[in-house]
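A.B. asks: Below are the chains, spelled out letter by letter.
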Amino acid sequence: MNEGDLALRNLTYARFVELGRAPTAAEVAAVGGRSRAEVTAGWERLHAEHALVLDLAAGEIRMAHPFAGVPTAYRVQAAGRWWYGNCAWDAFGICAALHEDGRIETSCPDCGEPLRIAVRDQRPDDESLLFHCLVPAARWWDDIVFS
Amino acid sequence: MNLFRSGEHIGRWLAGREPGATIPVGKLSELARAWYEDRLSPDWRPHTRDGNQAILDRLGLAGDLWRLPD
Numbered sequence: 001m002n003e004g005d006l007a008l009r010n011l012t013y014a015r016f017v018e019l020g021r022a023p024t025a026a027e028v029a030a031v032g033g034r035s036r037a038e039v040t041a042g043w044e045r046l047h048a049e050h051a052l053v054l055d056l057a058a059g060e061i062r063m064a065h066p067f068a069g070v071p072t073a074y075r076v077q078a079a080g081r082w083w084y085g086n087c088a089w090d091a092f093g094i095c096a097a098l099h100e101d102g103r104i105e106t107s108c109p110d111c112g113e114p115l116r117i118a119v120r121d122q123r124p125d126d127e128s129l130l131f132h133c134l135v136p137a138a139r140w141w142d143d144i145v146f147s
Numbered sequence: 001m002n003l004f005r006s007g008e009h010i011g012r013w014l015a016g017r018e019p020g021a022t023i024p025v026g027k028l029s030e031l032a033r034a035w036y037e038d039r040l041s042p043d044w045r046p047h048t049r050d051g052n053q054a055i056l057d058r059l060g061l062a063g064d065l066w067r068l069p070d
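Order-wise, the sequence lines are chains A and B. Numbered by the working numbering, the letters in the first sequence go through residues 1 to 147 in order. Numbered by the working numbering, the letters in the second sequence go through residues 1 to 70 in order.
In short, the hints are calculated from the structure, not lab data. For each residue, glycine too, the CB sits at the ideal point set by N, CA and C. Mixed in with the good hints there might be a few duds.
Covered stretches of chain A (in silico footprint by chain B; criterion: 3 or more residues with CB under 8 angstroms from a CB of chain B, positions within the stretch not fixed) [as the list claims (entries may be wrong)]:
(1) 10-23
(2) 30-36
(3) 52-59
(4) 96-105
(5) 129-138
Bound-form chain B, shown alone (with noise of 0.2 angstroms):
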């Protein structure tokens, strides 16, 4: 799960592997927070498969690679 300078960059470094996916890094930033900024919380709680599904969902990170496990 890296950063990379461009596309070009990322299909250098993949050496012909099968490529993950790739997004901007702005939805990336929207990710972490939607994912993270209870992280510290007293009231945090775990996660559920569901809720961590629907933030993926709701940011248009859609395809199986983005589909978690049931």
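Just chain A, with the same shape it has in the complex (with noise of 0.2 angstroms):
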């Protein structure tokens, strides 16, 4: 990754926490001294490099890991914002990357019944929880959205 694109991405991250979702080109391009093309093309070279994912049909960001761009079971309220995470994983990544307290929302995929743990210090405050990692992950970017 070149620096150029190094700090793209950090623009981009640090515009996705100030306004509590993904960014538009549009967006970065405004705060960043690029045009929204060189954006789009930037943000391309990091999805390449797995520094970012984007729905590249509609030039979005669809992860920014551990944020998700999209709505997801993951909801969690940290630094006084609700985020998506893209799974359980990212939801208490949510909470590290802002090193902040938080709340992570979900239910059990299996029964549907609520979950809700709240995350002091990195820590859950329901330790009886499993967390179950279905595909390898030597195959986690074959298809990162389903993984």
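Could you fit the two chains together into a complex? Lean on the hints.
C.D. replies: In structure tokens form, the structure reads like this:
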């Protein structure tokens, strides 16, 4: 990753946190000294390097791990906002990235019962829950949205 | 990559599919912290494959399921 793309990546993440959602290419271009086309081209390079995940058809951010650019089953309240995590791992990752306590809301995929977890000092208040990872690490990026 | 109430719930959800890996949520929180705590740092640099594998290894996440591609 070259320095220009690294700067674009950092700016994109910073805008994500400022806005509380995925920024558009125009919103990053407006503060980044780049044209919208340059932002999109840079995002495509970052996507290829797994530093972002784009919805290539729409040209929008699908994932900026641990943050999700679309609603998911993992809602996280932290730093005074609600966020979406891409999965259970990323839900905790949002608290870790923000260095904040938080609250995760989801439901058991089997029975649908609500699960609410408080995160304090990066630890869950309910240690009884289990995390299951179905896809082997070697194949996570074959289909990162499914993984 | 989901949270479940118990192993029984995971088994039902799998519905005959090959299981992946199951870890306690406390271990997941340790993994998330190690994986993501630098993500918003202005000094962030891309993690290397070996660096990420070292995180998994350090947390005792062993076996083929936790082996990143070379």
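A.B. asks: The structure should be examined with respect to each hint, and the outcome stated for every one.
C.D. replies: Evaluated hints:
Here's how the region 10-23 of chain A fares: 4 of its residues keep a CB closer than 8 angstroms to some CB of chain B, so the rule of at least three is met and the hint holds. Counting residues of the region 30-36 of chain A whose beta-carbon sits less than 8 angstroms from any beta-carbon of chain B gives 0, not enough to reach three: the coverage restraint is violated. By the rule of at least three residues with a Cβ nearer than 8 angstroms to a Cβ of chain B, the coverage given for the region 52-59 of chain A is violated, with 0 such residues. Counting residues of the region 96-105 of chain A whose C-beta lies closer than 8 angstroms to any C-beta of chain B gives 4; at least three are required, and the coverage claim holds.
Counting residues of the region 129-138 of chain A whose CB lies closer than 8 angstroms to any CB of chain B gives 10, which reaches the minimum of 3, so the coverage claim holds.
In this structure, the hints that do not hold are numbers 2, 3, in rising order.
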